[in-house]
Structures are given as C-alpha cells and as structure tokens.
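Trainee: Residue 220 is where the sequence shown starts when you use the numbering used here, and the numbers rise one by one after that.
Be aware that a few hints might be false.
Below, a list of computed lysine-lysine pairs in the DSS-like style, where the Cα atoms sit at most 27 Å apart [claimed, not checked]:
(1) K386 to K363
(2) K664 to K636
(3) K664 to K654
(4) K499 to K363
(5) K386 to K300
(6) K812 to K859
(7) K335 to K390
(8) K363 to K300
(9) K335 to K504
(10) K455 to K363
(11) K335 to K363
(12) K636 to K654
(13) K394 to K462
(14) K645 to K664
(15) K499 to K335
(16) K516 to K300
(17) K335 to K516
(18) K300 to K390
Don't read these hints as lab results, they were simulated from the structure.
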Amino acid sequence: MFAPRRVDDEMELWKERTVRFYPDEKKILAKSALQPPKSGGSLPTKVIPTNTAGSKVFPEGNVLDPWQKWTLDPGSDIMVKWNRIFLITSLVALFIDPLYFYLPSIRNGDSLSCVKKMDWGLCVAVTVFRSLADIVYVVHIVIKFRTAFIAPNSRVFGRGELVNDHKQIAKRYLKSDFFIDLAAALPLPQIVVWSVIPVVKHSNPQHNNNTLALILLFQYIPRLYLIFPLSYQIIKATGVVTKTAWAGAAYNLLLYMIASHVIGAAYYLLTIDRQTTCWKLECAKENGTIGAKCYMKFLDCDFSSDIGQKWANNTAVFANCNASNDNINFNFGIYQNALTTGAVTTDFVRKYFYSLWWGLQNLSTFGQGLISSTFIGETSFCILIAILGLVLFAHLIGNMQTYLQSVTVRLEEWRLKRRDTEQWMKHRQLPHELKERVRRFVQYKWFATRGVYEEAILQALPADLRRDIQRHLCLDLVRRVPFFSQMDDQLLDAICERLVSSLSTEGTYIVREGDPVTEMLFVIRGRLESSTTNGGRTGFFNSITLRPGDFCGEELLSWALVPKSTANLPSSTRTVRTLVEVEAFALRAEDLKFVANQFRRLHSKKLQHTFRFYSHHWRNWAACFIQAAWRRYKRRKISKSFSLSESFSSRAESQATQESEQEEDGSPSSAESSQPKQNIRAMMLASKFAAYGRKGAQKSKAIDMPKLKKPDEPDFSADSFD
Numbered sequence: 220m221f222a223p224r225r226v227d228d229e230m231e232l233w234k235e236r237t238v239r240f241y242p243d244e245k246k247i248l249a250k251s252a253l254q255p256p257k258s259g260g261s262l263p264t265k266v267i268p269t270n271t272a273g274s275k276v277f278p279e280g281n282v283l284d285p286w287q288k289w290t291l292d293p294g295s296d297i298m299v300k301w302n303r304i305f306l307i308t309s310l311v312a313l314f315i316d317p318l319y320f321y322l323p324s325i326r327n328g329d330s331l332s333c334v335k336k337m338d339w340g341l342c343v344a345v346t347v348f349r350s351l352a353d354i355v356y357v358v359h360i361v362i363k364f365r366t367a368f369i370a371p372n373s374r375v376f377g378r379g380e381l382v383n384d385h386k387q388i389a390k391r392y393l394k395s396d397f398f399i400d401l402a403a404a405l406p407l408p409q410i411v412v413w414s415v416i417p418v419v420k421h422s423n424p425q426h427n428n429n430t431l432a433l434i435l436l437f438q439y440i441p442r443l444y445l446i447f448p449l450s451y452q453i454i455k456a457t458g459v460v461t462k463t464a465w466a467g468a469a470y471n472l473l474l475y476m477i478a479s480h481v482i483g484a485a486y487y488l489l490t491i492d493r494q495t496t497c498w499k500l501e502c503a504k505e506n507g508t509i510g511a512k513c514y515m516k517f518l519d520c521d522f523s524s525d526i527g528q529k530w531a532n533n534t535a536v537f538a539n540c541n542a543s544n545d546n547i548n549f550n551f552g553i554y555q556n557a558l559t560t561g562a563v564t565t566d567f568v569r570k571y572f573y574s575l576w577w578g579l580q581n582l583s584t585f586g587q588g589l590i591s592s593t594f595i596g597e598t599s600f601c602i603l604i605a606i607l608g609l610v611l612f613a614h615l616i617g618n619m620q621t622y623l624q625s626v627t628v629r630l631e632e633w634r635l636k637r638r639d640t641e642q643w644m645k646h647r648q649l650p651h652e653l654k655e656r657v658r659r660f661v662q663y664k665w666f667a668t669r670g671v672y673e674e675a676i677l678q679a680l681p682a683d684l685r686r687d688i689q690r691h692l693c694l695d696l697v698r699r700v701p702f703f704s705q706m707d708d709q710l711l712d713a714i715c716e717r718l719v720s721s722l723s724t725e726g727t728y729i730v731r732e733g734d735p736v737t738e739m740l741f742v743i744r745g746r747l748e749s750s751t752t753n754g755g756r757t758g759f760f761n762s763i764t765l766r767p768g769d770f771c772g773e774e775l776l777s778w779a780l781v782p783k784s785t786a787n788l789p790s791s792t793r794t795v796r797t798l799v800e801v802e803a804f805a806l807r808a809e810d811l812k813f814v815a816n817q818f819r820r821l822h823s824k825k826l827q828h829t830f831r832f833y834s835h836h837w838r839n840w841a842a843c844f845i846q847a848a849w850r851r852y853k854r855r856k857i858s859k860s861f862s863l864s865e866s867f868s869s870r871a872e873s874q875a876t877q878e879s880e881q882e883e884d885g886s887p888s889s890a891e892s893s894q895p896k897q898n899i900r901a902m903m904l905a906s907k908f909a910a911y912g913r914k915g916a917q918k919s920k921a922i923d924m925p926k927l928k929k930p931d932e933p934d935f936s937a938d939s940f941d
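The task is simple: from the sequences and hints, build the whole structure.
Mentor: Here is the structure:
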C-alpha cells in the first residue's frame, strides 16, 4: 500500500510540469491563471502557444513572489502623492520639534523665583503630535524597502530598467539612507521628557535644558536633511515641487517661517538658561555669607522646604539677577528684553508669538539690532542668526522672485512685444489707421490666448496624445458646421488634427476676390461679410453674412478633390471681411489636400449634396440661375401673347378689307354699316398693342441679366459610399 499523495505535493508536481512560452518582445511576468488539478486527478502539462518565432521558455518559478508584487515604481502616481504627503508631514514635524523648548518656564513670586521644568499640558499635546509624525516616518521606511530603483548601468538610453528584486532594494537602501531615516524616526524627545527627566531626582534645570536641546538637535538635522532629497525626487518625477507659482512662493515662505520659529524657540530656551546661569553665579558667590547655604535645588519649583524658604527670605540672588535693574553687574545681552517684558513667565501663546516675532525680525535684519554681551555662547548664537538670515533671506527672495516672475512672464513678454511693435511702427512711419489696426489685433490676440502658443505646445506632444487633445478641443465645435456633421468620426479626427485656430479683428479682410485661396475658414464665433461682383461685372453685386457654423473658401475643396490638381491654388470668387471680432478654425490647403487623398470617403455623394446646399457660392449661383430661368420664362410668355395679338390683328385687317369691298358693291343698312366701323376701331387698337409689345420685348432683351459662372464641380465621383 502506498501512502496517498498530499495536495501540496500534487500542486508542486503540477507546477513543475507546467511550461509557458513567451515572445522576446513581450515577456509577461504574470501570475498563472491555471487552476491546479483536483486531488486524485491527472496532472496534465499545460502549454500556452504563442508566436513560435523567437520564443523562449520560462518555468513557472520565475513568477514574482508575493513580496515582489508590492514593489512600487518611484515615478508612479502613488509614489508622487506619497512623497508630497511625506513632505508635508516632514514640515509639520520640523514645526513640532522646537515646541519642546517651550516646556520650561520661570515663575516669579514675592520672595522666590524658580524654574518650572515642565509644562505638562503642553508636553502631552506635543508628544501626541510628535508620535504621529514618528509613525509616518516609520511608514516611509517600510515603503522605501519596497520602492524599486533604476539600475545605474541601464541609463544609457531612455529612463532605464527598474530593479524589482526586494533583496537588492533592501541591500541598496541599507547602504544609503536607512540610518538617516532611522535616526529621524526614533522617539528620542519623548523618551527624554517622559522617562529620563522625571526619574532624575533634584536634577539641575540647566542640565535638563541642555540635554533636551542636544537631543532635539541630534534629530532635527537628519529630519531637515530629508527634505532636500525628497524635494529632488518630486522634481525628478513631476518637474516641480508645487503645481502653481503661488504655491511655490508660499512653500519657500513657509520654510523661512519655520526657520524663524526654530530661532525664536532657541532664543526662549537660551533666555531661561541665561537666567539660571546668573542665579548659579550669584548663588556660588554668597555661599557662607548668610545663614542658609545656597543650593541650586532651591531654584527648582518642584522642590519645597523650610530651608529653601528661609534662604529665599535672606538671599540677594534674585535682586542681583533682576534684568529690569540697570545697576546689576551681570550682563544679560540679547536676552534682557525677553526677561524684562515677562515673555518667559507668561502663558504659552504669548511667549510663542513673542519668540516667533523675535526670530523673524532678527533673521530678516541679519541680527543687526542685536547688542550682545561677551559671553561666547551668546555671540555664537548671534553669528549663527546673521549667517542663517543672510542665506535664508537670499534663498527666499531668489525663489519667490522666480516663482512670482513665472506668473507674470507671459505678461512681461507681451509688454516687450508691444513695445517693440510700437517702436517698429514709429520707425516705419505707419499711418494712424494702420497703427490702430495693429494695436487692436495684438490686444485681441492677448485676450484670446494669454500669450500661449498652442501650436508649439501641441507639436511637442506625441501624435496620439495630440490627436486626443485636438479632438477634445475641436470636435464639438467642428460638428456645429453642417458640412462636417455628415462625416464619420475617423474623418473628423483627421480634420481636427490639422485644424488651427484663427483670430481676426473687426474690419479684417480674410480674402479678396481674385486672390488665391490658401485656407478654408470655419466660423465659430463672430460674423463676416461675403460679397462678390462676379469678376467685376458692371451692375452685379451679391452680399451675404456668414455666421457661426458657416464656412468660406470652398473653392479650395474643389481644388483638393481633383485627383491631379495643379500646384496653383484656386482664385477666390468672393471677398470676405469681418464685421466683428471673429474666432474660427482654419484648414490649410496642404492639409486639406492630404485629407482628401488619404480619406476617400470625402468623395461621397452625400457630402456632395451637403456641400452644395450649405455653400454660399453654390447658393448664389442657384439663385441667379433660377432668376435667369424665370426671366426667360416671362419672355417666352410675353412673346407668345404678342404672337397671338399679331395673328388677331391680321385677321381683323383681312375682314375689314372684305367689308370695304362689299360696301363698294352695294349700300348696306344703317345697322350693318355701324358694325364694320367698330371692327375697324378694334383692329387699330390691337395693332397698336402689338407694336407696343414688340418694343417691350426688344427692351427686355436689351437689359438681360449677365450670366453668372457656375462654380467648379468637386470630384465627388471617385468612390461611392452611399
């Protein structure tokens, strides 16, 4: 008896017997969609056939493991969004850390002044926000362990090849930025504040402040450093840190304000340190001179004893360290204003804004108003303020100027172009009317485009993207033109891809009668006047108004549809002039010729009828043709009536002749004699009417309408798609 095979063994054997073929140009590393056989079933070999030319065999084991599936592309949208989120979190963390400097404060009593080591309410709030920022730093470390990188040896062409192996990613990260990220993520201030300082009994406030400052400085440097490679990664992926110029200016101003916030917080902590230094020196001087010995623990607000109270009642330490007293020997230097104004003894909001104002003021003035003592630490702090102020102010002004100039760069270019245009018109001594037309066109083009050259932007994009953008911009507008509404989407896409915008001011002549037609114009907004004199014939003038949806330059379509058209462009049969400001799309002759040659559906009979119906040239010819036919019909009708009148007149004359002959033969009665007289009178009237009719017919022939030339017939007969 054999032991039954387990399902896991069957799955492993099934995977080994599975073979896949992949072409060279399309290596698909995807998870196998094949379902393993059921328990007890056969284990067939699954072969996925593809193109056998240049195929390779990859075993199933080459599929990425579950960890590799979570590898992130550093240039993907997710990583760009995360980098922006982490950048904002880093700025918030840089703002939170200096708030630890505001934990100690000075309490002034009637007879005793002391240092309060900890503001516990502020400590809890800062710790909570600091811990949240630390969590984000830890998440960032985890993400960087799963972020692929571009192999340096693959950057010969293009972007390069991404390395997705998590072992190589981890190895590279551990050798580069891991320890900096780890140092930035450690919760060192929380440990010092909540675990170290409370455990140490009767600790020196000055030592506590120095320890806290050193710990924060140790972590602030790597956290500040992380901003620069992070900004570089964002710029490398998107081109800019911020999407708008105003956001970029605000970002640089925020960095400057954070620097002022750090300087102000350090100034506050150094002020308390300077006050305790004075107390320490005076305390050492008076030891043994009074009844109670001076200890530094007496200056701690958490310490209370009868000995300390007795010492406070007899000591002169507080009087000799009073910054408001100008007669003391101790020089507080730049910290005197904070002590005299009570900034170190007030509540958090007041002391924070005072310190922020102090830091911002001295960074902006490079520390010029500071009056320092000879204390080395104080002078070093002033030197640091001057250097940081100079560097940060130059960085702020330079970057903000760059960002703000980018907002107005188009406006400035337009102003320079307008100034050059004015100088050129003055140099060439153009008349006032031409100058006004030039100014009006430049102004109108600025309002319509804001100085952006759309054609240059579109030409720099790939063909597929350019086609989609042109379709989005032009398709709805092009469909308003009735001639285009009959075309299919493929033909419309080809036309939209080659349409260019055209702007014209009032009174501009688009084309004159007899000039070569270089483009078809499709009106989107505005009104134009289209007139013709039929080649300059006397007494002929036709004028119509083109509105949105109409087009002009249809002679070009007839020229483009001819299979073997000449290189000479057709002449315009009409004069087109703008009545108001006009926005339109123009289709150039070479583009229209290309579309006509590539897309034979343009030769459709249906488009032929649509073109004739909406073409004003054809409408004008049809109206003149109908009018001429009507006049010919009227002439034939009048001529027919004239011929009937003449036949009636001839019959009347013959009858009168016969009656006169009868009168000669015998005398008729009175009634019979009166009737011939009436007939003679009617015949005379008929003959006069016939003579008048002949003159009218001759006159109508003399004023016949001039013949209007029939428009050129486009070659719609190449292919029939209807």
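Trainee: Hints first: check each against the structure and report whether it holds.
Mentor: Now for the hints, and whether the structure bears them out:
1. In summary, the hint linking K386 to K363 is supported, as the alpha carbons are separated by about 12 Å, within the 27 Å threshold.
2. Proximity of K664 to K636 is assessed by CA-CA distance (about 12 Å); at most 27 Å being required, the pair is judged to hold.
3. Restraint check for K664 and K654: the C-alpha separation of about 15 Å stays at or below 27 Å, so the hint holds.
4. Proximity of K499 to K363 is assessed by CA-CA distance (about 49 Å); at most 27 Å being required, the pair is judged violated.
5. Restraint check: the Cα-Cα separation between K386 and K300 comes to about 25 Å, which is no more than 27 Å; the hinted pair holds.
6. Restraint check for K812 and K859: the C-alpha separation of about 52 Å exceeds 27 Å, so the hint is violated.
7. Distance check on the hinted pair: K335 and K390 sit about 48 Å apart at the alpha-carbon level, beyond 27 Å; violated.
8. Restraint check for K363 and K300: the C-alpha separation of about 14 Å stays at or below 27 Å, so the hint holds.
9. For the hint linking K335 to K504, the alpha-carbon distance of about 24 Å falls within 27 Å, and the restraint holds.
10. For the proposed pair K455 and K363, the alpha carbon gap of about 17 Å is at most 27 Å, so the pair holds.
11. Proximity of K335 to K363 is assessed by CA-CA distance (about 42 Å); at most 27 Å being required, the pair is judged violated.
12. Proposed proximity of K636 and K654 is supported: the alpha carbons are some 15 Å apart, at most 27 Å.
13. The suggested pairing of K394 with K462 is violated, with an alpha-carbon distance near 33 Å, which exceeds 27 Å.
14. The suggested pairing of K645 with K664 holds, with an alpha-carbon distance near 21 Å, which does not exceed 27 Å.
15. For the proposed pair K499 and K335, the alpha carbon gap of about 16 Å is at most 27 Å, so the pair holds.
16. Taken as a hint, the K516 and K300 pair is broken in the structure, with Cα atoms around 52 Å apart against an allowance of 27 Å.
17. Among the hinted pairs, K335 with K516 is consistent with the structure: their alpha-carbon atoms are about 12 Å apart, no more than 27 Å.
18. The straight-line distance between the Cα atoms of K300 and K390 is roughly 25 Å, inside the 27 Å bound, and the hint therefore holds.
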